[in-house]
Each structure stands twice: as C-alpha cells, then as structure tokens.
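Listed below, chain by chain, are the residues.
Protein chains: 2
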Amino acid sequence: MLKTPYLLFLGDAHDALSAKVARGIYDWRPDFALGQLRFDKCQADLGIPDITIEEAVSKGAGTMVVGVANRGGFIAESWIVVLKQALEAGMDLAAGLHDKLADVSELRETAARLDRKLFDVRHPTQSFPIGSGAKRAGKRLLGVGTDCSCGKMYTALAIEKEMHARGMKADFRATGQTGILISGAGVSVDAVISDFISGAVETLAPANDPDHWDLVEGQGSLYHPAYAGVTTGLIHGAQPDALVLCHESTRTHMRGLPDYPIPDMGDVMDLALRIARLTNPNAEFVGVAVNTTNLDNVASKHFLVQTEDRFGLPTVDPVRTGVGRIVDALR
Amino acid sequence: MLKTPYLLFLGDAHDALSAKVARGIYDWRPDFALGQLRFDKCQADLGIPDITIEEAVSKGAGTMVVGVANRGGFIAESWIVVLKQALEAGMDLAAGLHDKLADVSELRETAARLDRKLFDVRHPTQSFPIGSGAKRAGKRLLGVGTDCSCGKMYTALAIEKEMHARGMKADFRATGQTGILISGAGVSVDAVISDFISGAVETLAPANDPDHWDLVEGQGSLYHPAYAGVTTGLIHGAQPDALVLCHESTRTHMRGLPDYPIPDMGDVMDLALRIARLTNPNAEFVGVAVNTTNLDNVASKHFLVQTEDRFGLPTVDPVRTGVGRIVDALR
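Sequences listed follow chains A and B, in order.
Using this note's numbering, the letters of the first sequence map in sequence onto residues 1 to 331.
Using this note's numbering, the letters of the second sequence map in sequence onto residues 1001 to 1331.
Just so you know, the hints here were simulated from the structure itself, not pulled from any lab data.
Mixed in with the good hints there might be a few duds.
[Unchecked claim] Residues from chain B that face chain A, not an exhaustive set, calculated with beta carbons under 10 Å:
no., residue
1, A1185
2, G1199
3, G1237
4, Y1260
5, L1278
[What the hints assert, rightly or not] These stretches of chain A come out as covered by chain B in the derived footprint (C-beta under 8 Å, 3 or more residues):
no., stretch
6, 14-20
7, 196-207
8, 227-236
Glycine residues also receive a C-beta, built at the ideal position from the N, C-alpha and C atoms.
With the rest of the complex left out, here is chain A (with noise of 0.2 Å):
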C-alpha cells in the first residue's frame, strides 16, 4: 500500500503522453494528486498546482510518483537529486519504471538511513501462495481482451467509478503498474513467478461481502503468443463471475506482432469462459467494451450496435457512453 496523497513527479516530460500515468492518477485518483512537480523544460501540464516538495509534505503528502516514463523506462541522472530531497523530506518514493529505483545507490541508502520505502511497483517482492482454486466470498468482475492496451483498466476502472455513483461496494484491483500507482495497491503480475500468477491473483481480489464487487484488472490476451499465460493464470486466480470484453475497434494485428491477427470477439468469449469455469461454473460474459477512440461519431456508434446485435450484450464505448448499461446489467 502506497501512502496517498502523492506529490506527482513530471521531471523533464518531453510530451503530454509521457506523463500519462500522472494524468491517470488524476484522472481516476484527483484526490490523491496534491501537485505536480515540473521542471522549467517540462512539456507536460496536468493543470493542478505546481508546488515544491517542501509544500506538498506541509499538506500531507505520504509518497512523491514518478508520473513520466522516457523511452525505456529508465531513471534519469537529472531526476535523482530531486527525489532524494523528496526523500529527505519525508516522503516515499514510487514508480513503475522500467528500471528501479531501489538500484539507484543514492537512493537506496537514503531511504535506509531515513526509514523511507521506495516502491518499483513493476516489480513485486512480495511472495504468494500457490493458488488453491477455492472458491470465495464476493463477486469479481475481469475484462479479457482480444489484445494487449485496449483499454482493460479504464473499463475497470469506469465500472468502479459508475458503481461508487450508485453507493455500491467496489474496489478495483490493480495489476500492472499504471493501476497500482493510480490505486495505491495491487500486484504487477506479469511479473510475479509463473507457479503464482493465479496465487497472487487470489491474494490481490480475498473474500468479500457477499454483495462487493472487485473489478480486477484484466491483462494481455488469451491470443498473444507471449502473454497468454498471464492472461489465463488472472483468469483463474480471479474466478471472475462476470467477464467484460475489451476491444479496440480498428485493430488489425497484435501489438507489437504484424503476423498474429486481432482474433474474432466470439472466439476470445468463448475461450475465456471455458478458462473461467473452471475455477468459477457460473462465469457469464455481461458486456462488451469497446475503445473506439480511431472511429468517428457515426463509425463508432454503427461498431457498438453491430457489437450488440451479434452478442445480445450491453456493448459501450467506456470513454464516449460510459458503462452504466455494463453495471445495469449486474444488478
């Protein structure tokens, strides 16, 4: 658990798009986004106040975020300075970097001699149990996706907004970086040790009230050849009662892999429920969401009824209709 609120750290950000975990934060978490902390270069603006780090400890702020990414992930040599005196300050370090900020030297020793954490959330050190597919108090909700970035946390993330609105118990659940530092919690579990993905899955979404909803954070694709087992050990380890698919509406071909084409919805529906059954009989897909940001008014609108149509499920777009119809249906 990361201590909130942040002091987001936008550094040197050459774009807006590089600073896009702050803005998740923001966007999803405002309040725990206290400020930004920009350098004079810094090309990035999430339109909060910009305060020093000694103004945003004097109200209250428990961790400084690295809320930019470069290429690569690495941690630039013109950002240490400053978040050793975040440090000093008194405030945790997090980031879910590439690179660690526990292997910076300067770093490490600072937040030992002062009793600081740094938190690399892309990477665990927690251990987990091996799963035990028992079956467990509370309801869960998963997305599965025909790829990888199709908007999974943003789903999820919108169904528990829309769910809050409507008073009821909800918690997302985090599982790669950009969600963890949004949410203050989670597990990256593409990087847990393959025997306990769906442990760590389990650990992350417990027993609940019968009537609590986790919308866990859905990850990779059943059809990516490098991140299937990912996929399919969240599936089990969450025991999903209701699936979401996620879509990006003019995909053509995996990411990153110009030979694996985008699969056919129905074929991802219903591998995922012959995955999701055996660890919970009664999944059920109860909605489709599509990210149809490449699409224009009239395109997306045609995409969504299609979609709904060929499936008889609430398909939306979670950006330009929300999901209220998704939660509708939970009820």
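With chain A held as given, fit chain B onto it using these hints.
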C-alpha cells in the same frame, strides 16, 4: 549447461524415493553417473560404485549433483561440509532443491574463491526475451497432461531414447528441475517471471534442422487452477507440431485439490489443440501416454485399448509397452 559426468550425492537419503532425482539421472543418462556418494545411514542405493570425491575428480567428474530431496527441500546441515569438499576438489555443484546452494554463505564464498559454479536449477538466473511467436525450423513434440505429475517427463525421455535408437535426431528439452539435472541443461519454466514463459521456451527449443525433434518436457495442466498459466505459456512457446496426451489412469482429482476432478481426456485434448494452434496451426495429437502403474496387467491393457478405440491414436504406457508406437506415428 552442467559439466558432466556427475558424482551423485545421496547423503542420508532415508528411502529410495527420496533419491529419485539420482535414480532418474542413472536411468536416463547412465553415462553421466560416475558413482554415488552416500553417508553411512543412507537407505538408498543406485547399484553403482560408491566412490569418494577424490576418485570422482580423478575420473573426470565435472559436477556433484545433489540427488536426494528431503521434505521441504532444504539443504541439511550435515551435507555442507561434503558439498564444500566437492568444490575444493574441483567440481561444480548442482541441486534442484527449494533452498538454494547459493544462499549457503560457506558454499557461495568457496565457489567464488575457486571459480566454481553453483547451479540451483529450480531458480533460473538467465533473463529471457518476450515470446515472439515467430515460426522456427525443426519439429517439436510436447506432452500435455490431465494433471501434474502424471508422466510427462518420463514420456519425453522415453521418446528421445526411442528416437535415438532409430537413428533420428532428437533432444529432450527439460522444463523442470529433475529434467534439467538428468539432461544437464534446461529451464525451470515455472520459476520464470510470467511475462517471459513463452519466450523462455522459445529459447530452450530454438530453430533446428528440419528433421530434428525437440522433445519438450510438459508441465502442469490446463485444468490445474494454480498452474494452467505455466502450461499455456509453455504450449505457446514450444509451438508443438506433435502433442502427446499424458494421463494417470486411476487418479480421481487434481493433485492436492480434492474439489477439482481430473478432466476428461477428450476435453484436455480439445483445449490444448485450440491453444497450441495459435502459434502452430498444424499442431496435432499423435498419441496418448498413460501411466497405469496402479492397475494390474489386465486392467492396464483394457484401459489402453479402450483409450485407443476412443481417440484413434496410438495409446501406450511408456513403462509397460514403451513408446515405439507413438514414434511410428511421427515418421
């Protein structure tokens, strides 16, 4: 790659079963088994010469392999002095235990000082690429099981032996600790970071001659709620041309999980084919290997005949009948 041949360390093995790793090495790679090293109270005996560390080194032993496992997989205090002597005499050390040789400071320091290697084969130290899904030359056969521990390693080793006897090009590719110690190389796939499962298997069974067979050791089961992610990544990375279903004929529930019944063999074949065809559209089942240890001769024969009739595939017990009929089907 472990240096062969081996001195097999049996230590204080309290029964034959606890020395099954050493037994496996001697059964499948008798040339690797220079001799055994046993304490006075050792209750296991491979029937090979008892030799000293000095004799082993003088006969060219490259590695002393811990061929015994106690409950819990720890390194017994009483072993350490002997393990250290082996390092000092000129051998590397290898073990497939839960505990790491490298975590015993005396062994770590001795190995570093003398430039010897410690192989904790259950804990891979290499890093692997993300799976590419790219087709590679050569043929691959993979065992998929209805459960864990139902004969997948034995089947792959038996097929390798049969192929070698027929002059075919073939290599067993180990994916678990016992297989690695037997063959001297491999990757413990269940200990690899989830993101890299299929990439690790692509590395393990690389491109080869068009008429060369890699016999990839299967792991877990698609129907095991803890391990199916490993199995899925293994299938995708292996890109098997040929699949062999492995089954234990009398088991009623998944290993360690009384609430999970053993799946129907036909269901496992159907799901495995569906998954395998993502990375190899030509994947086919070529046979069934049944472990009928717990049946008498009549019942065993009956089970094999019935299964063969049902699926129309050569059905063998690798121990009782050999695997020749499966190899026949490949030619």
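To see whether the hints hold, each was checked on the structure:
Because the closest C-beta pair between B/A1185 and chain A is about 19 Å apart, greater than 10 Å, the hint is violated. At its closest, the beta carbon of B/G1199 sits 6 Å from a beta carbon of chain A; the interface hint therefore holds under the 10 Å criterion. The closest approach between the C-beta of B/G1237 and any C-beta of chain A is roughly 8 Å, which is under the 10 Å cut-off, so the hint is satisfied. At a threshold of 10 Å, the smallest CB-CB gap from B/Y1260 to chain A is about 6 Å, leaving the interface hint in force.
At its closest, the beta carbon of B/L1278 sits 6 Å from a beta carbon of chain A; the interface hint therefore holds under the 10 Å criterion. For the stretch 14-20 of chain A, the stated coverage by chain B is violated: 0 residues have a C-beta nearer than 8 Å to a C-beta of that chain, whereas at least 3 were required. Coverage of the stretch 196-207 of chain A by chain B holds. Counting CB-CB distances below 8 Å, 3 residues qualify, and the rule asks for three or more. Counting residues of the stretch 227-236 of chain A whose CB falls under 8 Å from any CB of chain B gives 9; the rule of at least 3 is met.
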